[in-house]
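Colleague: Single-letter residue listing:
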Amino acid sequence: MSVGTHAIDIRTSPHIKGRVTTDTIMLNVVYALLPVTAFAVFVFGLSAFLLVIVTTGTCVLTEHVLCKLARKPSTVSDYSAVITGLLLALTLPPGFPLWMAIVGSVISIGLGKALFGGLGMNPFNPALVGRAFLQAAFPVAITTWTPAFWPEMQIWSTERFTSIVLPTVSLPFMRPESVASFINGITIDGFSGATPLSRMKFDHETTSIIDLFVGMTAGSTGETSSALIILGGVYLMARRMMNWRIPVAILGSATVVSGIFYALNSEIYPTPLFVLFSGGLMLGAMFMASDMVGSPTTPLGVWIYGILIGSVTVVIRLKGGLPEGTMYAILLGNACTPLIDNLTQPRIFGARKKGERK
Amino acid sequence: MSKAGPSQASIFLNGLWKENPVFVQVLGMCPVLAVTNSVRNAIAMGLSTMFVLVMSSTLVSLVRNIVPKQVRIATYILIISTFVTIVDYVIKAVSIPVYKALGPFIALIVVNCIILGRAEAFASKNSVYRSILDAFGMGIGFSFALLCLGAVREILGAGTFLGVPLFGPYFEPWIIFLLPSGGFFTLGAWLLAFSLWKERRTRKATLAAEHAQELAS
Numbered sequence: 642m643s644v645g646t647h648a649i650d651i652r653t654s655p656h657i658k659g660r661v662t663t664d665t666i667m668l669n670v671v672y673a674l675l676p677v678t679a680f681a682v683f684v685f686g687l688s689a690f691l692l693v694i695v696t697t698g699t700c701v702l703t704e705h706v707l708c709k710l711a712r713k714p715s716t717v718s719d720y721s722a723v724i725t726g727l728l729l730a731l732t733l734p735p736g737f738p739l740w741m742a743i744v745g746s747v748i749s750i751g752l753g754k755a756l757f758g759g760l761g762m763n764p765f766n767p768a769l770v771g772r773a774f775l776q777a778a779f780p781v782a783i784t785t786w787t788p789a790f791w792p793e794m795q796i797w798s799t800e801r802f803t804s805i806v807l808p809t810v811s812l813p814f815m816r817p818e819s820v821a822s823f824i825n826g827i828t829i830d831g832f833s834g835a836t837p838l839s840r841m842k843f844d845h846e847t848t849s850i851i852d853l854f855v856g857m858t859a860g861s862t863g864e865t866s867s868a869l870i871i872l873g874g875v876y877l878m879a880r881r882m883m884n885w886r887i888p889v890a891i892l893g894s895a896t897v898v899s900g901i902f903y904a905l906n907s908e909i910y911p912t913p914l915f916v917l918f919s920g921g922l923m924l925g926a927m928f929m930a931s932d933m934v935g936s937p938t939t940p941l942g943v944w945i946y947g948i949l950i951g952s953v954t955v956v957i958r959l960k961g962g963l964p965e966g967t968m969y970a971i972l973l974g975n976a977c978t979p980l981i982d983n984l985t986q987p988r989i990f991g992a993r994k995k996g997e998r999k
Numbered sequence: 033m034s035k036a037g038p039s040q041a042s043i044f045l046n047g048l049w050k051e052n053p054v055f056v057q058v059l060g061m062c063p064v065l066a067v068t069n070s071v072r073n074a075i076a077m078g079l080s081t082m083f084v085l086v087m088s089s090t091l092v093s094l095v096r097n098i099v100p101k102q103v104r105i106a107t108y109i110l111i112i113s114t115f116v117t118i119v120d121y122v123i124k125a126v127s128i129p130v131y132k133a134l135g136p137f138i139a140l141i142v143v144n145c146i147i148l149g150r151a152e153a154f155a156s157k158n159s160v161y162r163s164i165l166d167a168f169g170m171g172i173g174f175s176f177a178l179l180c181l182g183a184v185r186e187i188l189g190a191g192t193f194l195g196v197p198l199f200g201p202y203f204e205p206w207i208i209f210l211l212p213s214g215g216f217f218t219l220g221a222w223l224l225a226f227s228l229w230k231e232r233r234t235r236k237a238t239l240a241a242e243h244a245q246e247l248a249s
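First to last, the sequence lines map onto chains W and Z.
So the first sequence is numbered by this note's numbering: it starts at 642 and just counts up by one.
So the second sequence is numbered by this note's numbering: it starts at 33 and just counts up by one.
One thing to keep in mind: the hints can contain errors.
Some chain Z residues flagged as far from chain W (calculated, every beta-carbon gap over 12 Å) [as the list claims (entries may be wrong)]:
{"id": "1", "residue": "Q57"}
{"id": "2", "residue": "R104"}
{"id": "3", "residue": "S213"}
{"id": "4", "residue": "S249"}
Distance condition first, Cα-Cα at most 27 Å in a straight line; then the derived DSS-like pairs of lysine-lysine [said to hold, decoys possible]:
{"id": "5", "chain 1": "W", "residue 1": "K713", "chain 2": "Z", "residue 2": "K236"}
{"id": "6", "chain 1": "Z", "residue 1": "K50", "chain 2": "Z", "residue 2": "K157"}
{"id": "7", "chain 1": "W", "residue 1": "K960", "chain 2": "W", "residue 2": "K842"}
{"id": "8", "chain 1": "Z", "residue 1": "K157", "chain 2": "W", "residue 2": "K709"}
If you're looking for bench data, these hints aren't it; they were derived computationally from the structure.
The model shown is predicted, which means the values in this text are computed figures rather than measured ones.
All residues carry an ideal CB built from backbone N, CA and C; glycine is no exception.
Between the sequences and the hints, there should be enough to build the whole structure, so can you do that?
Modeller: Below, the structure written as structure tokens:
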């Protein structure tokens with residue numbers, strides 16, 4: 642740090658620096674995600690474990706290779722690629738084909754981040770860019786859900802830790818049936834559990850809130866346990882590494898909007914509690930919408946951003962064709978961020994108000 | 033025209049490569065993105081556009097000295113739309129499936145800026161022979177670009193090439209490449225590849241020039 646051989650070190654401000662760096666924050670986000678990930682592996686077994694390993698590994702590798710190709714120092718050590726990989730795995734179905742997961746990871750880092758200039762430059766959350774690509778490219782695979790505790794459906798069974806769900810090991814560029822044609826006697830239709838959201842959407846069947854809160858349901862790998870996601874989120878908020886306004890605004894507005902729908906017609910629409918604890922809303926609100934890069938910087942802007950995401954999610958879920966809308970809502974919020982930031986710039990102290998005479 | 037200008041070969045190759053209408057000039061993006069979801073559609077669109085381009089360039093070049101400057105654009109559009117109408121009927125007569133797949137984009141060849149651009153920038157200033165050469169070069173360049181996009185999108189999006197399955201019965205198609213967003217991704221990837229290739233070539237050329245200079249001095 643010292644420049645030359647001056648007796649007094651002469652520098653421009655800032656003179657006092659905090660110890661919180663990008664790496665520290667990112668590492669803490671990883672810590673916050675660990676309980677969710679561990680629980681996902683516990684519920685969905687070996688396939689989920691492989692999925693997490695593969696996406697995280699591919700993301701880190703892609704980041705490293707792309708940095709080298711751009712002749713820049715590798716930015717792997719800031720842990721942001723690890724977070725992208727973890728988040729991508731947590732938003733995919735647990736039995737997702739691994740080769741597709743690799744495609745998604747490369748898209749996340751390459752298209753979602755590196756192309757824009759790396760961490761801090763990306764307008765969208767990289768993990769969601771990857772997931773949106775996969776959703777459009779492989780609509781069947783990404784809506785094939787493994788029920789929790791499959792295949793024996795008991796919490797303390799061990800078979801799920803020793804066996805792999807069939808689609809996981811699909812041959813590259815092939816459908817899951819490609820493997821089944823080699824192994825006789827395995828049927829693909831052995832599992833395709835509906836998620837609480839799709840049951841709500843298409844059959845108007847509700848799921849117990851306790852199960853949703855703890856995470857004993859089918860769904861994307863890491864979105865099922867609201868309790869652990871909240872735990873991770875609260876940890877980050879307590880360490881002031883996440884803007885608490887964003888999740889509060891998203892969850893608050895989702896509650897209000899779904900409450901209005903529920904009050905209008907409680908026969909068709911789910912309760913606000915169901916909306917809060919089902920699907921990817923909790924994971925999205927805590928870990929993806931609150932991404933520092935893609936969210937507004939002004940306090941008022943953050944509220945607008947959160948309310949936009951929360952209400953769009955509920956509207957897509959209840960009125961749209963898809964059972965889940967968190968991903969598109971957050972991407973839309975990310976897209977609006979520069980505009981929100983621009984419109985909510987605080988008045989500089991001492992500057993004249995708009996319309997005030999000179 | 034005895035005016036000194038670029039050689040005939042360079043006029044022809046200009047559109048094919050150095051000033052490729054899609055990859056370099058980035059013109060005519062509407063059909064490039066809209067009808068390249070299969071190789072068949074891409075070829076049909078490429079050939080139709082090339083036909084209109086060549087015929088209208090010829091006619092524009094023929095009438096270039098008698099059309100008053102003030103009404104030239106209207107004249108060009110009239111000429112172009114005549115040939116587009118011919119193409120429209122011909123495709124309808126040859127293949128109804130192709131006609132349905134291309135849909136409104138056949139009629140939209142009228143407003144394809146490559147055609148009007150060549151008429152205004154080249155055919156209205158050059159001899160008939162040169163204009164035809166230029167139109168062929170541009171037309172082939174445009175068809176080549178459409179084929180590049182169509183091939184990638186059909187192979188990945190459906191696992192077929194010209195309708196022939198390539199990867200066996202278990203291929204998982206990447207639906208996104210048949211959707212409009214896939215068109216943007218493919219176009220972006222090709223543009224990236226072309227600019228990388230160009231950059232590498234200019235870098236090599238400058239290096240060679242520097243080397244030659246060093247040797248000379």
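Colleague: Among the hints numbered above, which are violated by the structure, and what are their numbers in rising order?
Modeller: 3, 8
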